[in-house]
Amino acid sequence: MLIGGIFSFHNKWEQPTQTFTSGPKKGECISLNLREFQSAQTMVFTIEEINNRSDILPGINLGYKIYDTCGSVEMTTRAALSLVNGYGENTISVHCSKPDTVQAIIGQTSSSPTVAISTTVGPLQIPVVSHFASCACLSDRKKHPSFFRTIPSDYFQSRALAKLVKHFGWTWVGALCSDNDYGNNGISAFISAAKEEGICIEYSKAFFKTDSRDKILNVVEIIKASTSKVIVAFVAYSDFPFLLREMALQNMTGFQWIGSESWISDVNTANAEWQHILKGSVGFAIPKANINGLGSFLTKLNPASNVSLYKEVFETIFQCKFLTQEHFDMKQLCKGNESLSQVQNIYTDVSDLRIASNVYKAVYAVAYALHNSYGCSEKENGQEGAIACTKLTDYQQPWKIVNELKKIRFTTTTGEDVFFDENGDPAARYDVLNWQQGKDGKTVFVKVGFYDASLQTHLQLSINNKSIVWAHNKAEVPVSVCSPSCPPGTRKAVQKGKPICCFDCIPCAEGEISNITDSISCIKCPPELWSNEKRDTCVLKVVEFLSFEELMGMILVSFSLLGALFTICVAVTFFKHKDTPIVRANNSELSFLLLFSLTLCFLCSLTFIGQPSEWSCMLRHTAFGITFVLCISCVLGKTVVVLMAFRATLPGSNVMKWFGPPQQRLSVLAFTLVQVIICVLWLTISPPFPYKNMKYYKEKIILECHVGSVIGFWAVLGYIGLLALLCFILAFLARKLPDNFNEAKFITFSMLIFCAVWITFIPAYVSSPGKFTVAVEIFAILASSFGLLFCIFVPKCYIIILKPEKNTKKQMMGKASVKEF
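Residue numbering for the sequence shown is 1 to 821, as defined by the UniProt record's numbering.
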């Protein structure tokens with residue numbers, strides 16, 4: 001049973017110019033690829049190993065037919081058709097008695113040629129198992145129904161590369177790819193996954209090994225002009241040297257390369273003349289494996305065989321030529337007995353088998369599929385462990401092998417579990433490799449982590465950052481961002497016309513914070529909190545109220561107590577001189593009541609200081625309203641008494657009997673009772689209450705007393721104002737009544753000050769912020785109280801204490817010395 005193989009033993013196919021004057025000239029394959037030859041030899045080794053086993057395909061020998069495509073898609077298609085049709089010249093052959101048509105095809109290495117193979121043989125249901133074609137496009141079962149592979153799809157690698165870039169905090173990267181199915185599909189999937197991870201691509205350029213030098217130089221110039229320091233290269237190992245050679249000529253170093261599996265483990269790329277450019281590269285590679293016996297098999301190559309390719313291998317490795325008529329004069333001739341076991345190169349090196357391991361698994365997958373399709377199983381009545389195939393025919397239908405490949409599951413000698421999913425893909429597992437310089441100066445591939453798509457999302461990628469050596473042998477992770485990260489307290493604002501990774505850091509507004517790096521928006525603080533200076537934490541707002549401890553509070557308390565003390569002193573003075581004419585002439589009972597109410601007025605201002613509470617809010621306004629009405633009622637009573645006293649001096653007047661002490665007390669009580677009723681209604685319907693004012697200051701909470709019912713508040717003030725206005729009018733009318741000591745003059749002065757204070761209080765109260773509102777109210781209370789005290793009682797105290805000689809009835813009644821006010 002034949003298994004076909006398609007490999008690209010040569011990197012280039014040179015097609016001579018056809019003149020059309022003679023027969024077509026045959027092309028020539030040049031530039032031997034030892035890595036591909038190792039893969040083909042691995043296929044031969046695996047087939048021979050299977051043939052030597054009795055537990056797989058007993059009684060059936062596997063043969064092989066392998067074609068060289070010389071790096072050409074055209075030659076690849078021709079090889080596929082030759083394998084399917086059973087004719088054509090083969091590079092390596094084993095004669096079999098069975099039909100030449102192959103049961104399956106192993107290959108190819110690159111994705112674009114493999115697409116050509118799969119498209120060609122897919123309608124015939126001939127299975128194609130690739131060991132290195134990783135293009136995600138090959139997972140499309142409608143287009144490639146018979147395709148399988150032992151290398152993971154680039155869909156997984158692209159997403160893994162995006163996770164790798166995100167893991168190191170890079171958000172601004174460049175992207176390069178081969179201009180073929182492998183590169184274009186891979187980098188497209190990477191860019192899509194990178195956008196999901198918040199990574200921006202500064203540039204994305206594709207190139208191919210057959211491109212002109214000018215096109216390659218254009219890619220080099222784009223890299224040179226870029227600001228990103230990380231380059232993701234989804235490039236085939238055969239294309240990469242053409243770009244690296246130009247970069248080496250311009251000494252372009254310092255970039256951090258992130259590689260795909262095609263070149264990250266390629267020895268030729270790692271130890272070539274551009275090694276210094278790629279130093280520190282990180283990328284994903286196929287997990288390596290150990291294949292027992294392969295090393296000795298590779299070194300048994302016999303150039304004396306009739307396979308011309310073997311001679312070319314010896315000529316390439318030992319830099320010699322076998323004697324022919326064309327080279328008879330050459331000094332360095334190949335002897336044919338050179339030992340490959342003494343040579344260390346990409347062909348003989350079996351210490352890092354990655355691609356060869358995939359070839360090994362691909363051949364075994366086909367063998368197991370054939371084994372199952374031929375009905376091979378243990379004999380029921382035979383010797384224990386014996387295997388027999390019950391459906392042995394000259395040729396097995398290919399669709400049966402395809403069906404068996406979908407179901408197979410086996411374990412390799414290295415313990416790796418091999419199976420294919422519904423798309424013909426294996427489990428996605430990669431090693432993370434880092435290029436480090438060894439003691440001999442050559443590049444060493446150091447495993448620094450792994451990626452396993454079968455694990456949970458947060459466990460898929462595992463990397464030991466400390467073991468990585470970066471570009472220029474730096475120990476720290478390089479930085480590659482379009483804009484520096486925005487610290488907490490700021491937010492990102494995308495720059496116009498640029499990718500989202502290019503942004504400005506805008507400080508959060510007052511009252512807003514961002515407590516994470518690279519926040520896209522600021523969070524508004526809760527109502528009772530405010531942003532700190534750095535805008536990264538919400539802190540409690542400063543609570544403001546007029547307290548006893550602050551300077552303003554102390555001053556107002558001092559004046560309040562001073563006013564009350566002074567009022568008490570005046571009352572004591574009046575009490576001691578209560579029998580003197582000046583005290584008796586000014587209605588001593590109302591005077592003492594007025595002094596008592598003034599004392600309460602001074603003291604009620606203390607209720608406005610301190611943290612507002614329910615009782616203080618209700619007390620401060622009602623106490624203020626009632627005490628001031630009591631005070632004004634007394635002043636009003638004294639004013640009416642003065643007016644009526646002069647009316648009583650008229651002949652036949654009997655008016656004083658209506659304004660005696662009982663009537664005075666009753667009037668004061670009546671006026672005060674009205675205010676008490678207003679206050680009771682106010683407290684019953686909608687009383688004042690403590691309130692956190694967060695509207696005036698955004699950064700402060702003002703603790704104040706809300707008036708509750710606005711009507712009740714202004715009713716209290718309005719009533720006080722009405723009494724004060726009435727008192728002022730009556731005092732003004734009585735100011736020129738004949739008397740040496742007319743009290744109406746001083747009452748007029750006091751009411752003038754009182755009205756002026758409370759008229760100016762209203763706009764000041766409305767416009768004052770925070771605790772100053774309370775301070776204005778206290779100032780109005782103290783100012784009006786001091787006005788009444790000074791204007792009404794200081795002149796009397798002056799005479800009582802300093803001018804006792806004027807404190808006589810004669811002086812009080814004297815008219816000669818009456819002066820107009």
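One thing to keep in mind: the hints can contain errors.
[Said to hold, decoys possible] Below are the DSBU-like pairs computed for lysine-lysine, each with C-alpha atoms no more than 30 Å apart in a straight line:
1. K12 to K163
2. K209 to K195
3. K143 to K406
4. K524 to K288
5. K195 to K224
6. K163 to K209
7. K205 to K447
8. K143 to K407
9. K12 to K288
None of these hints come from the bench; they were simulated from the model.
Query raised in the report: Which numbered hints turn out to be false for this structure?
Result: Those not satisfied are hints 1, 4.
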